[in-house]
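S.K.: Residue numbers (numbering that gives the first Met the number 0), protein chains in the order written: chain A, 0 to 272; chain B, 0 to 347; chain C, 0 to 255.
For the record, the hints were derived by calculation from the structure and aren't laboratory data. As the structure is a computational prediction, the values presented were derived from the model and not from experiment. Hints are not guaranteed to be accurate.
Stated by the list, open to error - If you want the ones that stay clear, here's a sample from chain A, every Cβ over 10 Å from chain C, calculated:
| no. | residue |
| --- | --- |
| 1 | Ala82 |
| 2 | Ala164 |
| 3 | Gln190 |
What the hints assert, rightly or not - Some chain B residues near chain C, calculated using beta-carbon distances under 7 Å:
| no. | residue |
| --- | --- |
| 4 | Glu77 |
| 5 | Ser78 |
| 6 | Glu106 |
| 7 | Ala214 |
| 8 | Cys283 |
| 9 | Arg286 |
| 10 | Ser291 |
| 11 | Phe295 |
| 12 | Pro296 |
Cβ atoms here follow ideal geometry from the backbone N, Cα and C, with glycine treated the same way.
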Amino acid sequence: MSSRPLLWTGAICVGVIVVSALLSGPLAPYDPIAIAPHIRLLGPSLAHLLGTDQLGRDVLSRVLAGSEIALNLVIGSVAVALAAGIILGLAAGYGPRVLGGAIMLVCDSIMTLPMMLCALALATVIGPGLFTVGLVVTAFLAPAYARIVRGQSQVLVGRDYVIAARAMGAATLRVMLRHLLPNMAGPLLVQVAMDVPTVIGIEVGMTFLGQGAEPPQPSWGAIVSDGFSYIRVAPHIVLAGSLPIVIATVGCTFLAEALRDAMDARQGKDGLV
Amino acid sequence: MFERQKAKTCDCADVHAPALRPGPENKSLLLLFFRKEGLSCVMLIEIEDFSVRYGRVKAVAQISLQIARGDVLGILGESGSGKSTLALALMALLPRHARVSGRLAFEGLDLARLDPAGRRALRGRKIAAVFQDPFASLNPVMRIGTQLAAFAGATREAAIDMLQRVGIGEPERRMRQYPFELSGGLRQRVAIAAALLCAPTVLVADEPTTALDAATERQILALLRESRALVDGAMVIVSHDLSVLAALCTRIAVLYAGEVVELGTATDLLRAPRHPYTRALLACDLRRLPKSAARFPTIAGQLPDPALPRRGCVFAPRCPVRLPCCAEQAPPVIAAPSGFVRCHAMGA
Amino acid sequence: MSPVLQIEGLTIRYPAGFMRPPRMAVCGAGFCIARGQTLALVGGSGSGKTTLARALLGLVPFHAGILRIDGHQPKTSRDRAWKVIRQETGMMFQDPVASLDPRMTVWASVAEPLAIHGGPGALFGRARWQKAAAMLDMVGLPRTLYTSRPAEISGGQARRVAIARALVLRPKLVIADEPTAGLDVSVQGDVLNLLVDLQAELGLAYLMVTHDLSVARHMADSIAVMQGGRIVEQGAAETILAAPVHEYTRSLLAQL
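Next comes chain A alone, as it looks inside the complex (with noise of 0.2 Å):
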């Protein structure tokens, strides 16, 4: 099959990035935050493997921590996300069509705001952190969630397992948790799955702008913005930044090609000549 060297690479990147950050702790060589400016600005050698940054601290273990702050966060803040975006899809879907309209018309214009000033101005009323960050996200990808899951909802309604459960006498909440919900799995994850770099992007561009992660938190975005000053100087620390960054993007990328892959299959598509 095409999609399997897509498959490992994104599964193989994706699980280091995990791996990276479960076990953060006990991999990282040095404390994250331990200041040591005897040390600052150096280049990769054998006892820092990929230098220190300007106050002294291992670069590596920033990194490691990094990870595990992007873990946390992308899990928080997707599950959330998702949750929001399936009950209010469901409801606009499946409910009366007033509410429906209703919902989606929320919906479509949080998803024409611009994001970034949305994500200063929200930042300017409660405040820099990753909390902050956080809620941005969910703000931003639920009413996409709720989106596909209407229009999934609207063309599973009509399909004669949904209509057979209702002549059976399910409740609209069985239908929904047991036949709606799994048959629409599919597109979500992949969905999901190209959320993930996203959700990233948004936290190193709220760091860079001093609205995101707070130091000394050693979030990727954090590493990114303060190695920017001192690129002249010390370019490891970007690119020891970055690094991460790319790789997450390309394995979660990866993995949502290779799950649409999966899907399509699936129905059966045939080449003719």
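Based on these hints, arrange chains B and C on the given structure of chain A.
M.R.: Chains B and C in isolation, oriented as in the chain A frame:
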């Protein structure tokens, strides 16, 4: 086997005579006429020892048939008989991964070995197709008129004329409509009109009435009957319904598990079927079954695994008149008045 | 004995569109089916027969008329009577593979009605699976296929699963939408024999919706012919087949 077939199935009455379209009722006269004149037959499609494999699965197994001008050949088969694959092969639409052996020649050109460009040149010009699902064969986002004009490069007037000929009232209004605005029966008429517009030499119809209800089916069958005059060549109708084929075809080939087990005229097949499979199929037909029948008849057993090599007669495991030799030797081709039958039990 | 199904003057309207006058899908339909009997509802596409069949289970609301199934008479679309009716009625759809949830195993699909109508203290867990397995056994599905998904079984096998699911709650009425659609001629006899046997064994009433009069000829005790949303002719099967009155019925018979 091939020689025997050529002698038996090539009725010279099937030669295209410009002034007279041969139908079953004219056959005996023409037979005398052409035999006297000693004219040779013109075979439009020649299928010799033709097999199609998808991986290890053999969909069509060594079929040999000939279709002459003016012939309307019916291919009778159930699911798994290979009829759809054969229909695709005749339409030059076999998928890329199909492995072909043997020969399927249209006007002398081997269709299966033609390059994609060559096949594309034939489709829509010399070979036209009508499919089972009328919605799937029309582009849902183009108006009928646009589609007909694009197909075979017909002019608007020719398209309107053809719509009228296939029995669609108010053809100008229909030209402006989209496929979803038409009923299944109307869509199938449009599909037939599109196929006839390119003045094809061969019209292949794969289950043309299966998706339609009984009343519409009758109308489409009548339309296909009239279309026989419009096709200057041959027609091939594929169906699982013997009554559909009996209404349209001059000869019918019965397919089982990728092989032709019997070939004959519709009347011969219906009145005196020779092959045990054909007989069993007719017995299962609800229309023929007397009301007093206690149980509904079926054919016990299942189709053989198409990936396994064949030995002996392919129908033997399910055959009610199975002989010991049927499992070992392939059945011989025994000539019948209008075709042949492949069966050990038919000997002498 | 009171009939299992009785409808009188049933009228169903198509949902009204924007600035479109309401049209009738079914107008003034009335018939009844007694226990152990089969009624064939015959008509072409667009005759309203499928809409009528769906209305009997409350899947489509009806706007006028009386509907009584096994004594229960629902008046609105939210009537509590529907839950009981859906327990007492089984439905088989035209495309059996599509009527099964593609993500559920065949066993789970057959067990689902038991789970829905189980209720507190009734069947749950193991007993439910055993009942479902017994039903699958009754329709003749090989044991090896119990854990298959709908995409992995043939059309004929899927039809058996659909029959098992429709009958697992021992309903009084079974609505069969085109029971032989898509089946090869050589295997349709199996399904029809099974339906006849189950009717005799369980005392079921069948409402068979079909466009094929040959099926009705063999299976039905009474026939109702529908055209354009109205029942144009109905009565005992022998009478209708021997001496049809309406021209539409005659045209259908002519194809036989």
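S.K.: Looking back at the hints listed earlier, which ones does the structure fail to meet?
M.R.: 2, 6, 10
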